[in-house]
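S.K.: What follows is the residue order along each chain.
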Amino acid sequence: MNNPPDVSPDPSEHEEYAHNVQKHVRGYLMVGAILLAFTAITVALSYVDFGARKANIAVAMLVATLKAGLVAAIFMHLAAEKRLIYRILLFTGFFVLGLFWLIFLAWYDYPVFR
Amino acid sequence: MDAATSLETHPHAAEHEHHELGWWRKYIFSTDHKVIGIQYGFTGLIFLFFGFSLMMLMRWQLAYPGQALPEIGKFLPHIFGPNTMPDGKMTPDFYNSLGAMHGTIMVFLGIVPLAFAAFGNFVVPLQIGAPDMAFPKVNMASYWAVFVGGIVMLTSFFVPGGAAKSGWTSYVPLAAVADTGPGHLPIFNGQTLWLIGFIFLITSSLLGAINFIATIIQLRAKGLTWMRLPFFVWAQFVTAFLLLLAFPPLEAGIIMQLMDRVAATSFFMPAGLVVNGAAMQISGGGSPLLWQHLFWFLAHPEVYVLILPGMGIVAEILANNSRKPLWGYKSLVFSVLTIGFLSFIVWAHHMWLTGMGSAVSAFFQTTTLIISIPSVIILSAFFISLWGGSIRFTVPMLFATAFLPMFGIGGLTGIPLAFNSADLYLHDTYYVIAHFHYIVAPGTIFALFAGIYYWFPKATGRKMNNFWGKVHFWPTLICMNVIFLPMFLQGMLGMHRRWYDGGQGWTLSGEHVWGLTGFQWNTPISWAAWIMGLAQIPFIINFFWSIKHGKKVNDNPWEATTLEWTAPSPPPHGNFITAPIAYRGPYEYSLPGRDRDYTMQNEPVEPSERVRRKTAEPVLV
Amino acid sequence: MSSLALINEFLGQPPNASSHGYQIDHILEFCHWFMGALFLGWSAFFVFVLIRFRRGRHPVADHRGVRSGISTHLEFSVVLIEAVLLLGFAIPLWAKRVNQFPPGKEALLVHVIGQQFNWNFHLPGPDGQFGRRDVSLVSNSNPIGLDSNDPAGKDDIVTLGELHVPVERPVIIELSSKDVIHDFFLPDMRIAADAIPGSLIPMWFTPIKTGTYEVICGQLCGLGHYGMKGTLAVDTPADYQAWLKERAELAGGAQSAPPAPSPTPGG
Amino acid sequence: MEIPYTVSTRPDTGLWNAKVGIWLFLASEVMLFGGLFSAYIFLRLDAPPGMWPHGLLNVPVGTMNTAILILSSVTVVLAWAALKMRRYRAYWWYMLATISCGVIFLTVKLAYEWPQKFEHFGAYIKPEALGKYEQYLGNKHAAEKDLPPRLEITGHLHNRAALNDPNIKEYEVALDPLNADPTNPAMDRPHFFPLPVTDKIAKIEKEDVERATMFLPTHSAYFASYFTITGLHGMHVLGGVLVFIYMWLPVSKKLYQRNPEHLANRVEVAGLFWHFVDLIWIFVFPLFYLL
Ligand code: HEA
Ligand code: HEA
Ligand code: CUA
Ligand SMILES: [Cu+2]
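Chains as they are written, first to last, in the working numbering: chain A, 1 to 114; chain B, 1 to 621; chain C, 1 to 267; chain D, 1 to 291.
Do not take every clue at face value.
[What the hints assert, rightly or not] Here are the simulated EDC-like pairs of lysine to aspartate or glutamate, each with C-alpha atoms no more than 20 Å apart in a straight line:
(1) A:Lys-54 - D:Asp-46
(2) D:Lys-169 - D:Glu-113
(3) D:Lys-169 - D:Glu-128
(4) D:Lys-145 - A:Asp-109
These are computed hints drawn from the structure, not numbers from a lab. Since we're looking at a predicted model, the values are computed, not measured.
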């Protein structure tokens, strides 16, 4: 899904741009509806027993990630953003994961004796 | 911003901007990057001096433990409260406060505001040919945040119990139980104020970092491609990223520690603590190591925040005074990017002794050693740059050249620390203190002095006095080494940092090394520190005197090549009369076949040059 | 190897007294030789350049400067030496420290509990069993909260500030803390580890020289940090037995109180 | 010279300044919440059995708040799209809707959810006394069903004075349904609609209690992270609302008339922040309310 184009400074072309944006609006409404539906699904799923607590957590996080992905891709226009923004986010993602992963490693790598 | 920024679509809006701003808007609540840079500069210098003064007090206690400090000692209790230095004798708590606040103030209120914010603000927009920072109002906000943070930190000296006293690292549970209980106020106590002040300092750094990055990305002048940026700009760019991404996890940690103190949570405290003989009433379930991870996740990148701007300054001055391009510009840029990247994954080398297993320690040892390589590359490139130059020893150049071996000593002594089996012995001894002070004191501080002497003419239109500059340089260089070299010996003896009695009570510091015992070495160190204090007087006087009475100079007194020297001195609001265009790289010194030994970045490429040097093709954006 | 020992002595490191300490010292020595060589090499170059290319002697700079790739070779050798130090020495050494504890019977196991501002040592006594400990039992006369109802703890030895161990026998220390983080550092044994409340951190060493050694608290732990000193006495086996006996008699008398904790509680 | 690219885009990056700025800011926010969430994960993994409570929050209210935030995210893009189409009135209404959503969210949180927790009381029983209170804890039943052990008795504290008065020797607690009827299989899972406190009163001797507090941050690692993370999130919501109010006030109209694209850019930037706040909540909701 592409972003609506910038509005042209020339007022005579305005009509066409307005029309273009209008098309996107429908998309936004649909994404909103999907998000609401997903919320309901998360709540419902949390009352289903998947056997292990871990499984429940995994499912809930999966749905949350999907939702977050939708917000980021559509509402925040990340689906079609400039390269520079992707780069910044790529770095950030790398460092957050590094933070999580390395603390996690350190947590479980303590010397055991006996 | 409104009126100014909508200019593009409504040219007449500019008229609003050109009315005279009042005194307050012009000098205090200014949005001009140069004024803000100078504000940062003064703030940083004052805190640097304050942090230094705290240190000089500590050095008395270390050299003459338990003895009353003459004269000043009688006077200090009136300022800091009766429990700090009764009868002029320092109490252990006050010593710990001084140490913690010396570290905090030097790092976060001295060097960061000066090296990153002041030089970054003043120089970067000029060097990239921009009229200002991308977000002037945010810029002003970031200065005022640091100001408030500084005030909060200062206030903490005057609350009951005194300032924070658990080290600049504020390790929990010590920090969580410090300054609590009878005699302490709930919010107005040292540690809580330290945390609150820190939130302001973090806010300031984050806003500043966003501004710097956006400015460098968006406001580069026409033709100023990435590979034509002065190395200083690159250094600031990477530094800004370090601050932007490393500070927030510490902010999270600070918020949690604040909660531990004011809402009695136990993010960082396990159950079953017995403090002062009584079991603590907390839920437990927290982990002291979590704090250390969050702290060092920032604090390691932070040490590169302390050094990279310094390296940037040194690079500019070396090129300028050897009259020759920096050697290996591309590898310099690549190295600084690598350092920035790697500095996020080495932090646990500060935690070797926390019971780390073999896998994790192997990982962090490896990354720590890898990160030393780009530093070696940078230093080598600087050294090699001097070869074949025509070196003039101006005052900035003196400081910049001294930076190199001093940083070298500091960096090299990081290597034994990087091996956890060697650090096992050296951890938290004076060896570590000497290691990092060699980098931040004769390293970064020298770079800052160099930068001040170098860009002073741009900010004021006048030059600082040469002779007094040299009088400042030589004693400072000598004293720095007399202070920090013996600390390596003390560290090898096993003497530890944060020892209130300077090691007097330990048999191990009674051992002789190089003619004195470990403890006795404290005395020459302290005297050198005080003499170095005196050596700063010529600088301070020279600095203030030259603002009004220094020798007037033209816009480019050092005959430099980068864009800031094309602007008037001092530059007007908006910096450049017309937008500059860069046609060439940043260090075109001593180009063959020219009558001047420097060619500025905005000098168009001549046809004759074009044949010879394909790279000089102007790239216009 | 002994010729290498020069630097450490030159810098004032006290003599080593544990079996693995030589390896630590060797790493330190290698590092210092390596650093020294780099420093001297660079300094020589540096001083030469500053003199040779000063303006008075060399008025016109050369735009291109150095053309050779010597720096690449230098950087490569730095990488190589660091890699050797890391893979050849540092990583295996640490793996031995944390993964290969001496077998239980051979070693002497001691629990060490840090507190502001002293070290508590807890030995299992003749039965080889540690008694149960519980924070809720901690009091002035029972600084480590030993459960007096637990039969395993009846003969336990608890001392404050002073530990005796026999020479030539591995000692395993299990570190913990009652209040804040401390760091148990035995400079002469080349061994140290943090005592962190909420965790148990093991470390081990084998003393090879009798004598009395200082235990340093290496982590800021409050106003008494500078004086948080312990003593490690490495005895001949006979002396050690004598000490054990004396201690056991003390312990026999209904948990007789060791001296009260240090008078300067921290906060 | 004036600052370029405040409204138009720079050719080589394709971006205007504030867009770069906001994304950098969001990057730092990712790291901030990343730090908090990593702390949450480690506290939770480290929690001993029975020490990480479940089902203490009000799921319907949480769900409603989630829906409200999602709605507000939709209205804010619509407001931006309206500006792009140069329909100021529509923009004004969408903005009002967004602001209202934010205000409702905060009100629910601060006036209802948090105070409700502050009213609740819990007492952790000492390990040696667990047997004595078996009728309220039902640990045998829990063990049979493979549920984590129950160490805490919760409900409303009748004699509030007991919290501070050392002379009062016991707590009188109007029990939560779980503690009132612990062996009822219906209590094995948290309920969707929270059940009201029963009128069954339990007397718990202070002697047997390890720790007793209201449901405040100090209660447990769970509530500590709940209040810290939702509190910080709430402050972000508040910040967003204030910015939106500024953009909705008449001053925005002036900017609109002067340079509509500039206003649209500002709304886009504020909207990006708002979506991010929504995105954080999307993770907070299942982590604290459901799992
Ligand atoms: C600006 C600050 C700065 C910088 C740049 C560094 C750089 C390095 N640091 Fe340092 N460090 C600190 C500041 C800094 N450090 C501080 C403040 C602490 C203590 C914190 C505390 O506990 O309070 C610390 C502590 C510290 C520790 C923990 C010690 C302990 O607590 O036990 C370790 C361990 O690995 C370490 C390693 C390193 C390494 C490998 C580098 C490498 O990046 C160094 C690479 C550089 C080189 C290898 C030099 C290369 C130079 C040449 C080759 C040229 C030589 C030329 C001549 C001599 C003429 N440092
Ligand atoms: C950037 C960081 C920085 C800097 C620059 C310094 C500078 C100095 N430091 Fe410090 N230090 C730390 C960071 C720093 N330090 C930290 C983090 C710790 C650990 C704290 C802890 O234990 O938690 C520490 C600890 C520390 C100790 C150990 C204390 C202990 O463990 O008990 C000692 C001991 O001597 C010491 C000494 C010094 C000295 C002599 C200087 C000198 O080099 C100072 C030189 C300063 C100047 C020369 C100032 C010049 C300023 C001016 C001239 C201003 C002019 C003003 C105007 C023009 C308006 N420092
Ligand atoms: Cu215990 Cu320092
Ligand atoms: Cu580091």
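S.K.: Look at each hint and say if it fits the structure.
M.R.: Going down the list of hints, with the structure as the test:
Between Lys-54 of chain A and Asp-46 of chain D, the direct Cα distance comes to roughly 15 Å. Compliance with the 20 Å bound is thereby established for this hinted pair. At roughly 31 Å between alpha-carbon atoms, Lys-169 of chain D and Glu-113 of chain D are farther apart than 20 Å, so this suggested pair is violated. Restraint check for Lys-169 of chain D and Glu-128 of chain D: satisfied, since their Cα atoms lie roughly 18 Å apart, inside the 20 Å limit. Between the alpha carbons of Lys-145 of chain D and Asp-109 of chain A the distance comes to roughly 33 Å, so the proposed pair goes past 20 Å and is violated.
This entry does not satisfy hints 2 and 4, going by the numbered hints stated previously.
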